[in-house]
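Listed here are the chains, written in short residue letters.
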Amino acid sequence: MKKINLLICLFLVFSLMLTGCNKADTTSGNDDFKAEIMFSGSSTLAPVISKAAEEFKELHKTWDNVDKSFPNEEISIFVSSGGSGAGIKAAIEETADFGLTARAVKSDEKEALGEHQEYTLGVDALTISLNPENPILEFKDNFTSEELQKIFSGEYTHWNEVDDRLPNTEIVVVIRDIGGGAHEVFQSSIMKDIDVRQDAIQSPSMGALVTKIIENKGAIGYASFGAVNINEGKIIPLKVDDVEPTIENILNGSYKISRPLIVVKKGEPTEAEQKFIDFLFSTKGVEIIEELGFVPSN
Amino acid sequence: MHKFIEKVFSLFIRLMAFMSIFLIIFIIFFILKESLVFFRQVSFLSFITGKIWRPVSVNPSYSIFPIILSTIFVSLIAIIIALPIGIGCALFISNYLDEGLRHFVKPYINILSGIPSVVYGFIGFLVIVKNFEVKLAFSSGESILAGGILLSIMILPFIISTCDESMFNIKNKYLTTSQALGVSKWYMITKLILPTARRSIIASIILCLARAMGETMAVMMVIGNSPIMPKLLSKGQTIPSLIALEMGGAQVGSLHYHGLFAAGLVLMLLLLCINIILYFLQRKLNF
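Chains as they are written, first to last, in my numbering: chain A, 38 to 335; chain B, 365 to 651.
Honestly, the hints are just simulated from the structure, not real lab data. Treat the hints with care, since some could be wrong.
If you want the ones that stay clear, here's a sample from chain A, every Cβ over 12 Å from chain B, calculated [claimed, not checked]: (1) Asp200; (2) Asp232; (3) Pro306.
In silico DSS-like pairs for lysine-lysine, Cα to Cα no more than 27 Å straight-line [what the hints assert, rightly or not]: (4) A/Lys94 <-> A/Lys254; (5) A/Lys88 <-> A/Lys321; (6) A/Lys271 <-> A/Lys98; (7) A/Lys147 <-> A/Lys312; (8) A/Lys293 <-> A/Lys187; (9) A/Lys229 <-> B/Lys415; (10) B/Lys397 <-> B/Lys371; (11) A/Lys312 <-> A/Lys94; (12) B/Lys549 <-> B/Lys470; (13) A/Lys187 <-> B/Lys415; (14) A/Lys254 <-> B/Lys595; (15) A/Lys143 <-> B/Lys397; (16) A/Lys147 <-> B/Lys397; (17) B/Lys494 <-> A/Lys254; (18) A/Lys71 <-> A/Lys312; (19) A/Lys71 <-> A/Lys88; (20) A/Lys254 <-> A/Lys271; (21) A/Lys293 <-> A/Lys276; (22) A/Lys147 <-> A/Lys293; (23) A/Lys105 <-> A/Lys94; (24) A/Lys187 <-> B/Lys535; (25) A/Lys271 <-> B/Lys367; (26) A/Lys177 <-> A/Lys254; (27) B/Lys535 <-> B/Lys555; (28) A/Lys105 <-> A/Lys88; (29) B/Lys499 <-> A/Lys254; (30) A/Lys293 <-> A/Lys271; (31) A/Lys271 <-> B/Lys549; (32) A/Lys312 <-> A/Lys88; (33) B/Lys555 <-> B/Lys648.
Backbone N, C-alpha and C define an ideal beta-carbon position, used for all residues, glycine too.
Isolated chain B (complex conformation) (with noise of 0.2 Å):
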């Protein structure tokens, strides 16, 4: 009885395994499928290379160029943002806080990341947007830069809590021979943990990266979502904020419907591809 128990239940959990494997095969081939239509008549160099997207035109042009570029671009100024603060942040927590009071504050920063996105839109709309206006005296405060900096305030959970559990094992792991030596803290902090730890903050990075690119509510609201060559003070259009902005008005089966999830597939190998260069680099520079 307790072999067949056993039996089952290791059949149930092959099964769960397959069905998740099944779903992430079932997705690609979806997105595959209805992007084929479109590639049919717009070449894939066309689409991915060309300047102007303006689907629904009496002349329709099909490309997406300026919206790539957008997308990386955001994502970079957040990371370039968020990666010194959220590294000092990580730092301070695992080095400088005792346990009892980072088991306080690790809470809160994690309640960031559950912050609905919408709401971090909604903020910097009304704040960032708002004071780039009358603060700065732009004619239209959306702008690459605004995506960029609300993005940041979105990753930094993810860069603090996956660099600052990596950290806490290194300090624990090397404090007692440290003091043992008499090293000061601040030797300790970079000649150990720091360069220690790089691999979690590669992680960290290629983690956030994804996180920024296809984060779509809050960057929609503050970003413009002008298909046009992006600046960093002029306004830009993301991916997915295309997709999310222009799938409920595209007539189903248009080609401008299957080119949204052409974009769709782009996105996902342009995030592959970073994965895929992150890795290489990673083994590369012998981390």
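Chain A on its own, in the form it takes in the complex (with noise of 0.2 Å):
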């Protein structure tokens, strides 16, 4: 007896294991309409979303009133963030129906999506800051990738090694973690095959890396472009090689630590889906793009 209740314990625990097995068949099929969209990645585009689907689900309320031909269901955009890598990660297991991501797909994560769309929302330039108490502030506007170079790798320790009418107070370097999206821009535009100094602060958060930049005076960091609009005056930013970073010239690429905000679709959109891409390059979608310190691509 004893035997026989242990094997159907153990028989239900499988067969309850493998119900998860079954689920990736049910959902990949497109024959009843989903009223949910899922979207997942970098936590730099993600409110972008959030937002626009705010917007979107105020303005239509069901499908119904999107496309006639939708059946009448309220609509469900949901959004998750946990990095650029997630993002397409999620998008290749379609774990969510879309990926989001701040840096370019890279070769490999293409042939494992197979088939698939990229929309690129907009671009987010990082911004060389300081805190405004930097008495470097008086003698220089600009840095040269070089100098960057430098101060980001160890090479200078102390603000007096970059000009020696500074004091020689340490230098502070605040970056975000090594494998995001926002470093890998820094890396490949400046650092390029050299490697940043050990001992730099990484930061689990562009807010909070703004933060440190605020608070400390000795402090050099690369804050997003939307990040120094928000704190303007609490943070200063500099030219890199005397390119100033302006709208302008970071749409045209002349300034040049800056990355895409890309939204990835493993396969074809589904109509729904269709209309809030849509929706996201529509007048509205624009400015909500730009409210959130990011430069609309069109």
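Bring the two chains, given one by one in their own frames, into a single complex with the hints.
As structure tokens, this is what we get:
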């Protein structure tokens, strides 16, 4: 009797585990209309989509208001943020309908995606920012790429090595996590093959990085263009190689530290999904992108 | 009928028990599977003894010895700070407060453990780190010490509630006898309660060590996340903060990605080792 009980238990447990395996098959069937759209990925892009989704829902409420052929179902758009890598992973594994990435899609990722769509919503630029009380601002409003390389690689450790009129205080280098999208942009546009110093502070978010620059007089870091606009006066962006980080310079590519904001879809979007993508590129969508501090691509 | 319901119920309970065991096995299996990919390319020994973690560089290096050290270092500092305060607090609550006040104070201490860790992290970032910079003139306040101080506050409620519970029981057991013999309260605490409560003190240390080593968000915000050799006042990076920080950006399937799973495996092994060592220590000292 006991053995039979045990067997039944085991059987039930395994059958429970196996139900999980079935999931992918049921969701990929596109026969029924899907009222939910899932976005997942870059924490830079996630607020844009959340805001746009909010507006989209407020505007239409149900899908039949978007297009007559859609059923009368409530619009629900979910956004979860977890980094560019996670976003593309979600798109590849189809755990989300769209992946969000704040860097170009790598070639091996393209391979894993197979047939896919990329929508470039806009550009985010990183500005080399300082605390307003940093005395260097009296002498300099520009860093060359070489100077930045030396500062971030740890060749310069004190401010007086950058310019001998400056006090002998330590340079506090603040970066984002070295595996993330923001750092990748900085690495490829400024550092190239040189590694960033090991004792740089890695901030868990762009907000934390900006707060660190606001709080610490000796800090230098790459704040996003949007973050600088929100914190105008609290952090000071500098020119890089004599190019000022303005909207024109970022869009025409002369300002070098920038990254694209891309929505990735594996396969073709459904009609409903296409409607939302269209909305992102509409005047309203562009307004939202601008409002959140990014530079829209069109 | 009654018997049938009983049967179904017992079957259900068994099922649930099996489920939770399977969950643990499944988690361990999953982490092992993901990190085995990594250990096929990087040897385990060089992974835990090498000094440089540089996963996305052009000449990558995957070694987490400084990160392991930081993890242990931060947790030890937290326990060194929190243990005397926690035991003192537990003694006070169990011995000096009357029943009504005790029931009034304890929930407030337990609330401490319910505060989300990101809130602690935020306070640590704006108070501890900021004060290190302003009052102590550090170039940057992110440090192992800041992490230790913050963690000590976070583990305090666990030490207090574990110790208080057993100290309260011990006190009730010996109070009448002690009073009949006419010994002072202080004598009772030092000669009876503290020695008898050592088991629960050790238990609370184990509990807190596990919690401190696994704490992610709060530590990540105050420690600077630099994978360098830890010193008391230098920056550092712990294994959980490494995983949380880099998992989002790591490309799926890359060596970096599997390396983070391997770091998770090392953390689990580390906790297992510490538990085993403390267990044998406890037996050897005949506690």
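Each hint, compared with the structure:
1. Asp200: holds (18 Å)
2. Asp232: violated (5 Å)
3. Pro306: holds (22 Å)
4. A/Lys94 <-> A/Lys254: Roughly 44 Å separates the two Cα atoms, so the pair is violated.
5. A/Lys88 <-> A/Lys321: holds (11 Å)
6. A/Lys271 <-> A/Lys98: The given pair, whose Cα atoms are some 39 Å apart, is violated under the 27 Å limit.
7. A/Lys147 <-> A/Lys312: It holds: about 24 Å lies between the C-alpha atoms, which stays within 27 Å.
8. A/Lys293 <-> A/Lys187: holds (17 Å)
9. A/Lys229 <-> B/Lys415: holds (23 Å)
10. B/Lys397 <-> B/Lys371: violated (38 Å)
11. A/Lys312 <-> A/Lys94: holds (12 Å)
12. B/Lys549 <-> B/Lys470: It holds: about 22 Å lies between the C-alpha atoms, which stays within 27 Å.
13. A/Lys187 <-> B/Lys415: holds (23 Å)
14. A/Lys254 <-> B/Lys595: Given that 27 Å is the threshold and the Cα spacing comes to 23 Å, the pair holds.
15. A/Lys143 <-> B/Lys397: Holds, at roughly 25 Å.
16. A/Lys147 <-> B/Lys397: Cα-Cα ~25 Å, so holds.
17. B/Lys494 <-> A/Lys254: Measuring from Cα to Cα gives roughly 11 Å; hence the hint holds.
18. A/Lys71 <-> A/Lys312: holds (13 Å)
19. A/Lys71 <-> A/Lys88: holds (21 Å)
20. A/Lys254 <-> A/Lys271: The given pair, whose Cα atoms are some 11 Å apart, holds under the 27 Å limit.
21. A/Lys293 <-> A/Lys276: holds (10 Å)
22. A/Lys147 <-> A/Lys293: Status holds; Cα separation ~24 Å.
23. A/Lys105 <-> A/Lys94: Holds, at about 16 Å.
24. A/Lys187 <-> B/Lys535: violated (64 Å)
25. A/Lys271 <-> B/Lys367: violated (73 Å)
26. A/Lys177 <-> A/Lys254: Holds - the C-alpha atoms of A/Lys254 and A/Lys177 are around 16 Å apart, at most 27 Å.
27. B/Lys535 <-> B/Lys555: holds (12 Å)
28. A/Lys105 <-> A/Lys88: holds (25 Å)
29. B/Lys499 <-> A/Lys254: holds (14 Å)
30. A/Lys293 <-> A/Lys271: holds (23 Å)
31. A/Lys271 <-> B/Lys549: At roughly 58 Å apart (the allowed maximum being 27 Å), B/Lys549 and A/Lys271 break the hint.
32. A/Lys312 <-> A/Lys88: holds (16 Å)
33. B/Lys555 <-> B/Lys648: holds (21 Å)
In terms of the numbered hints stated before, the structure departs from hints 2, 4, 6, 10, 24, 25, 31, listed from lowest to highest.
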